[in-house]
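Chains as they are written, first to last, in my numbering: chain U, 1 to 214; chain G, 215 to 300.
Possibly wrong hints are sitting among the right ones.
Unchecked claim - Quick look at which bits of chain G chain U covers, simulated, 3 or more residues with Cβ under 8 Å:
no. : stretch
1   : 238–248
2   : 251–258
3   : 263–273
Unchecked claim - Straight-line alpha carbon distances no greater than 30 Å define the calculated DSS-like cross-link-like pairs of lysine-lysine that follow:
no. : chain 1 : residue 1 : chain 2 : residue 2
4   : U       : Lys136    : U       : Lys88
5   : G       : Lys257    : U       : Lys136
6   : U       : Lys60     : U       : Lys48
7   : U       : Lys176    : G       : Lys293
8   : U       : Lys48     : U       : Lys33
9   : U       : Lys136    : G       : Lys246
10  : U       : Lys104    : G       : Lys246
11  : U       : Lys104    : G       : Lys266
12  : U       : Lys133    : G       : Lys286
13  : U       : Lys141    : U       : Lys48
14  : U       : Lys104    : G       : Lys257
15  : G       : Lys293    : U       : Lys104
16  : U       : Lys44     : U       : Lys122
17  : G       : Lys293    : G       : Lys231
18  : G       : Lys231    : G       : Lys286
19  : U       : Lys104    : U       : Lys48
20  : U       : Lys141    : G       : Lys293
Honestly, the hints are just simulated from the structure, not real lab data. In this text, all values refer to a predicted model and were calculated from it rather than measured experimentally. C-beta: ideal position from N, C-alpha, C; glycine also.
In case you want the letters, here they are:
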Amino acid sequence: MAQTLLITRPEHEEAMFYLSRWSTTIIEEAKRKGINVVDLHKQKANRKKVIGILEKRIPKLAVLNGHGSESAVAGHDNKTILKEGDTKAVKSKIFFARSCKSTKSLGQDAINNGATAYLGYKEDFWLFYSENKIFKPLEDKTAELFLEPSNYVPIALLKGHTAGQANSKSKARFIKNIEKLIIEGPASDNYYAIRYLLWDMTHQVCLGNKDAVF
Amino acid sequence: MTEETKASEHETSKDIKELVIARLDVLPPGKKVSIGSVGEFDKNELIEHVRKDDEIGQKIIEVELNYLRALKEGTLLNKLLVPQEE
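The shape of chain G in the complex, shown without the other chains (with noise of 0.2 Å):
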């Protein structure tokens, strides 16, 4: 497998950033995020490291494909409709 391969395995649709950007835009302005050990950023620095598709941008990214997956999934709709412990 060529380097090249290899690294268009890892880069992420140019949908998918363009969708993860769309959400991220309409987060309020005065926010800021700690991801653990990563760092602190404000809205536009989140948009930043999706756009540059780097480490951070993936993580990023991960997040909101995690949650359309419980949306389209149902995981979510289960977690609110079973009752929980308290």
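Okay, chain U solo, but in the shape it has when bound (with noise of 0.2 Å):
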């Protein structure tokens, strides 16, 4: 039986829009390896479908997009999606969670009731995008810098990496833009973006059992 992969992605406000977009590539790999896709998009990114879908144990990768907090990771209109106490849909799950701070407490309390693994940010995650862009967001070159080493998480998942090395390659790929940004120096119109790389690399971690996989 096909394994499955749980996406939410949310396009309501402009960042929103960027996560989702970028999101298509994590959903076109999933395809390529016959994984079966369940994409939350828009307003089907709530919390009723999201708790549906967990508690009946399909998906064994669930990746969130969405603003965040220490304790939930929000949906469609920054609504909560999953929160603390979610014992039953987090059990046997690898979460990848693109959301602010999410790994200081929900990660744990996700990995305490029975998660696999939880991978995402213990700080804000910051991401620069150009304004002539917005509504390409996958032509963006400075939105990329981001987002592709963010994406990888999964996608090493999806490729049978290991939770662990999911992070420590999504992290490899951070390094290397800071090190194009680097050589192309000053002069570069992305130069300014090593320091919030920086920051979104070093704040993202893998919780629960770094040899799950998925």
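Combine both chains into one complex, guided by the hints.
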């Protein structure tokens, strides 16, 4: 039986639109690998659907895009989709939450309640983008510096790497982008982004079983 | 401890604010940043928050200082020199 990936893609504001569009590359990779994708797009990224699907234990991997806090991750219209205490929903799943701060408390709570691994950010996730590309996020070279490395967490998991490897491979991609900008020097339009890439990379963590695989 | 003393502990020094503003001032035009659930900002808005030294301004300062510390302490250089997994 094919594995299943759950992904949430709210699009109610510019940053969410970017995360959503960049997540299509994760979906494409999953489909190439013959993995079933439950794509909760726009209004479908709501708590009722997310909890319903997670509690049926269908997906082994859940990618949550949205705003976050230490204790919750949000979906469409910034409404909570996963929070501390959702014990049944997190059991035996690998999570990647592309949202702020959720590894601080929600991630550990999920691990304590049986999640296999929880990858995400322990501080705010910074994302720079170009105003002239807001309708074409996948063509935005500035956003790519942040979202391609971040995307590589779930992509590495889909390729069969462990949770720990997915985290370190993603960080290697952040470093590669930092190196590229250092080589290009201050004349680069994105030279300033180095400090923000370093921030995101430093605060991306993997909790739980680092040997867990999808 | 008086309220004034507590407040001054969180107040960012003028030198640091000026340093951060000078660094933000070279951001190219036409870029925006999303800082998690805090919001989306352009360059002038970032600078304004640093000037006001509000909660958002302090986040911006923290990121700048984190980078400058990584340069000073060599942690960024170490990350660049240590072979990465891919």
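Ascending list of hint numbers which this structure does not respect: 3, 4, 12, 13
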